[in-house]
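Given the sequences, and given the hints that come with them, work out the whole structure.
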Amino acid sequence: MEIIKSRKEYDAVIVGSGAGGGMSAKILAEQGLNVAIIEAGPFFDPAQDQYRTQLRPPWESPRRGYGSTRAFGDYDAAYGGWDIDGEPYTQADGTNFGWFRSRMLGGRTNHWGRISLRFGPLDFKRKDWDGLGDNWPISYDDVKPYYDRVDKMIGVFGSKEGIFNEPDGFFLPPPKPRLHELYYIKGARKAGIPVIPSRLSILTKRLNNDRGVCFYCNQCNRACQIYADFSAGTCLIFPAQKSTGRVDLYVNSMAKEVVTDGDGKATGVSYINKENGSEQEIKGKVIVLGASACSTARILLNSKSSVHPDGLGNSSGMIGRYLHDSTGTGAAALVPELMDRTMYNEDGVGGLHVYTPWWLNEAKLDFPRGYHLEIWGGMGMPSYGIGFDTTNLNSHFNDTVGGYGDKLRKDVKRFFGSVMGIAMRGESVPQYNNYCELDPEVKDQWGIPVLKFNYQWTDYERLQAKHAHDTIENIFDAMGAIKLGNKPGADSDYGLMNPGVIIHEVGTTRMGDDPATSVTNKYNQLHDAENVFVVDAGVFVSQADKNPTWTILALSMRASEYIVDQLKKQNI
Amino acid sequence: MDRRESLKTMLIGALGTGAVLTGCVPRKEDREKLQDVYDFSSYGRTIEEKQRDADLFGENFLTDHELETVAVMCDLILPATKTAGSASDAHVPAFIDFMVKDAPSWQDRFRNGIIWMDGYSKQKFGYDFVLLTKEQQIEIFDEIAYPDNATEENQPGVDFFRDIRNLTLTGYYTTQMGFDDLGYVGNRPNIWDGVPDEVLKEHGLAYEPEWLAKCVDQSKREVTAEWDEDGNLIS
Numbered sequence: 094m095e096i097i098k099s100r101k102e103y104d105a106v107i108v109g110s111g112a113g114g115g116m117s118a119k120i121l122a123e124q125g126l127n128v129a130i131i132e133a134g135p136f137f138d139p140a141q142d143q144y145r146t147q148l149r150p151p152w153e154s155p156r157r158g159y160g161s162t163r164a165f166g167d168y169d170a171a172y173g174g175w176d177i178d179g180e181p182y183t184q185a186d187g188t189n190f191g192w193f194r195s196r197m198l199g200g201r202t203n204h205w206g207r208i209s210l211r212f213g214p215l216d217f218k219r220k221d222w223d224g225l226g227d228n229w230p231i232s233y234d235d236v237k238p239y240y241d242r243v244d245k246m247i248g249v250f251g252s253k254e255g256i257f258n259e260p261d262g263f264f265l266p267p268p269k270p271r272l273h274e275l276y277y278i279k280g281a282r283k284a285g286i287p288v289i290p291s292r293l294s295i296l297t298k299r300l301n302n303d304r305g306v307c308f309y310c311n312q313c314n315r316a317c318q319i320y321a322d323f324s325a326g327t328c329l330i331f332p333a334q335k336s337t338g339r340v341d342l343y344v345n346s347m348a349k350e351v352v353t354d355g356d357g358k359a360t361g362v363s364y365i366n367k368e369n370g371s372e373q374e375i376k377g378k379v380i381v382l383g384a385s386a387c388s389t390a391r392i393l394l395n396s397k398s399s400v401h402p403d404g405l406g407n408s409s410g411m412i413g414r415y416l417h418d419s420t421g422t423g424a425a426a427l428v429p430e431l432m433d434r435t436m437y438n439e440d441g442v443g444g445l446h447v448y449t450p451w452w453l454n455e456a457k458l459d460f461p462r463g464y465h466l467e468i469w470g471g472m473g474m475p476s477y478g479i480g481f482d483t484t485n486l487n488s489h490f491n492d493t494v495g496g497y498g499d500k501l502r503k504d505v506k507r508f509f510g511s512v513m514g515i516a517m518r519g520e521s522v523p524q525y526n527n528y529c530e531l532d533p534e535v536k537d538q539w540g541i542p543v544l545k546f547n548y549q550w551t552d553y554e555r556l557q558a559k560h561a562h563d564t565i566e567n568i569f570d571a572m573g574a575i576k577l578g579n580k581p582g583a584d585s586d587y588g589l590m591n592p593g594v595i596i597h598e599v600g601t602t603r604m605g606d607d608p609a610t611s612v613t614n615k616y617n618q619l620h621d622a623e624n625v626f627v628v629d630a631g632v633f634v635s636q637a638d639k640n641p642t643w644t645i646l647a648l649s650m651r652a653s654e655y656i657v658d659q660l661k662k663q664n665i
Numbered sequence: 010m011d012r013r014e015s016l017k018t019m020l021i022g023a024l025g026t027g028a029v030l031t032g033c034v035p036r037k038e039d040r041e042k043l044q045d046v047y048d049f050s051s052y053g054r055t056i057e058e059k060q061r062d063a064d065l066f067g068e069n070f071l072t073d074h075e076l077e078t079v080a081v082m083c084d085l086i087l088p089a090t091k092t093a094g095s096a097s098d099a100h101v102p103a104f105i106d107f108m109v110k111d112a113p114s115w116q117d118r119f120r121n122g123i124i125w126m127d128g129y130s131k132q133k134f135g136y137d138f139v140l141l142t143k144e145q146q147i148e149i150f151d152e153i154a155y156p157d158n159a160t161e162e163n164q165p166g167v168d169f170f171r172d173i174r175n176l177t178l179t180g181y182y183t184t185q186m187g188f189d190d191l192g193y194v195g196n197r198p199n200i201w202d203g204v205p206d207e208v209l210k211e212h213g214l215a216y217e218p219e220w221l222a223k224c225v226d227q228s229k230r231e232v233t234a235e236w237d238e239d240g241n242l243i244s
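These protein sequence lines are chains A and B, in that order.
In the working numbering, each number is its position in the first sequence, counted from 1, plus 93.
In the working numbering, each number is its position in the second sequence, counted from 1, plus 9.
These are calculated hints, taken from the structure and not from any lab test.
Incorrect hints may have been included.
Said to hold, decoys possible - Not everything, but these chain B residues come out facing chain A in the computed CB check (under 7 Å):
id: 1; residue: Leu43
id: 2; residue: Glu58
id: 3; residue: Ala112
id: 4; residue: Thr184
id: 5; residue: Val194
id: 6; residue: Glu231
id: 7; residue: Thr233
id: 8; residue: Ala234
id: 9; residue: Trp236
Cβ atoms here follow ideal geometry from the backbone N, Cα and C, with glycine treated the same way.
What follows is the structure in structure tokens.
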């Protein structure tokens, strides 16, 4: 195939426009670099009505929000999902890994839960604590200044709590708890479990003049038309384009490989122009990969040359290794006090107003690492699924299940907003034998070799899920709530969800001081190619029980400033 | 011959029962289409999604007889009340007509469910379900709408009733009519400032002063955030 090469050489070519790529584009452009961003999906701006799903009532969707084309429903802002036509991936025998991809400007930051938790001092040094896995080559103190700046640049609400491993930041004020959250607070405390205000990157107060202040529609997953929540397009890339004029977007462009010269030095990125199927190449002095942990691993593994025969940056054989996702499980309960509710607008922000951080670092448990608890519930907007088997809830009160007419209308009103849930999200222990690799046979619709996943949970994660179900049961009991569904047992891994379901996959290009056991150094720079950087969660050595986005942002900021510094010193 | 009897005769006369079962009924021109009721021209779709919707809008799955059966059942499940319209008033049959195309896992369940309904109706009263009197229809409903009281041989009817009841409730409560019936008042810009006092009182709950002190002061929401060097918000 003929490769169309652009004449222009950029100072930096960034692959991916999500949290990592977006932050890098902003920092590099503001420091005077000319930047190209290659994004596999289309342009997206929720402020333009053609992209807007926010505030639309259910009847504007013919399927009332059902997820026939988007995994999280018709109005969710993520284009893509675990399965994308023409972009397959494969599994080793016995593996059941789900790979969620979002193909659009801003990537998965358009729909995420906005839960923005800093990793704490312990989270960077878990091996020192429990002897498992590996320490990061950096500590909380190295990252703290960048977390501080991310807080102020992007905005996160929360409260100062002084908990050692849940560091405080520069917070906007949190919203007041909703009614079911007040019941949760009461129950959790009775069960001896802490609760604090949640920490989400949503503007409850003005941050700057580029972005609006939250108007409490509860729909952050639909992307915000006034940019009151964080997504990489609205909060990093658009402002950088506006203020510097140095960021060019190449959308609908599927990165294929990093191109290297005869000495093995990276010179650009080749990609498929999805609009016409042609292969094109953009040249750059520095290549920044922020395609997501697994996509970046795939691009590097596909970047084979005589100097890098096993893929660029893979002399250690570590690319793809130590892939790990958060653990996840949860349960729901009916709160009798929340039946037949007085109706009022309780939308609030898009997500939980309170949560439980991990509280048992000092305890002797039969599993390592910890988890946090997220709360859901409330009087959410009716959408596809409302009324499904609602009448069955009558069985908990020996009332009649089933019926039609006025009886059904009463059932719907009786139980609307009465069910709430607790979701556990925890830290798994990274394993060398959990990895992605290139499938030797299968290719995607453009002929690019695809990933094959190998992943098994261990008893560390299973026992953690078991503990979480005991905790959740204790809280529901303390609340006087009626738990719905059976408690999962050993036969179902205690309800532990399949890897990839929580969409926190990290670790595939982990950082480290030793080039034999890691892919990048502590500045996200490939050991094997000094002008190639990874700014997504691939560099995570371990991922804490925290959602990864805030740490991706902080590390991308840090790496991008290092790039500028190294260019100035003419080291790269 | 009463009206239902004559309808039935006409239907069989025109098409034969075999045609009804194989779905070869000619399309009625007055069939209500969801895309004629609501405007779906712009709700944040990708190009591929718009094409998929357009394809679905151009197809039919349910036969006219099946759709008529769905409509009759929907309105028995949610008839009008003094204050709220019926399922048909909320265009629920058109929603179900679309939904079985969009989510094909419903298709066999609806086709087989309606076959069961008609078979049972014929066995019991001699005619398809839609041709029965309302009293006869209700009599059948009472046998399948309450799973705890149903006989084993009626289980297919119980299963289908559950399916159509579920989609009817979803189709109804996701409309403005359903919102009004439920009293749902969200999905609009507002400055949310906690659970209303009277609701807190109703539940015997109160916000704790210590917790409240951490929370947003909505009177200062437009004041640009500033912090001291320890991260204390000072604006």
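Verification of the supplied hints:
no., hint, verdict
1, Leu43, "holds (5 Å)"
2, Glu58, "holds (5 Å)"
3, Ala112, "holds (6 Å)"
4, Thr184, "holds (5 Å)"
5, Val194, "holds (5 Å)"
6, Glu231, "holds (5 Å)"
7, Thr233, "holds (5 Å)"
8, Ala234, "holds (5 Å)"
9, Trp236, "holds (5 Å)"
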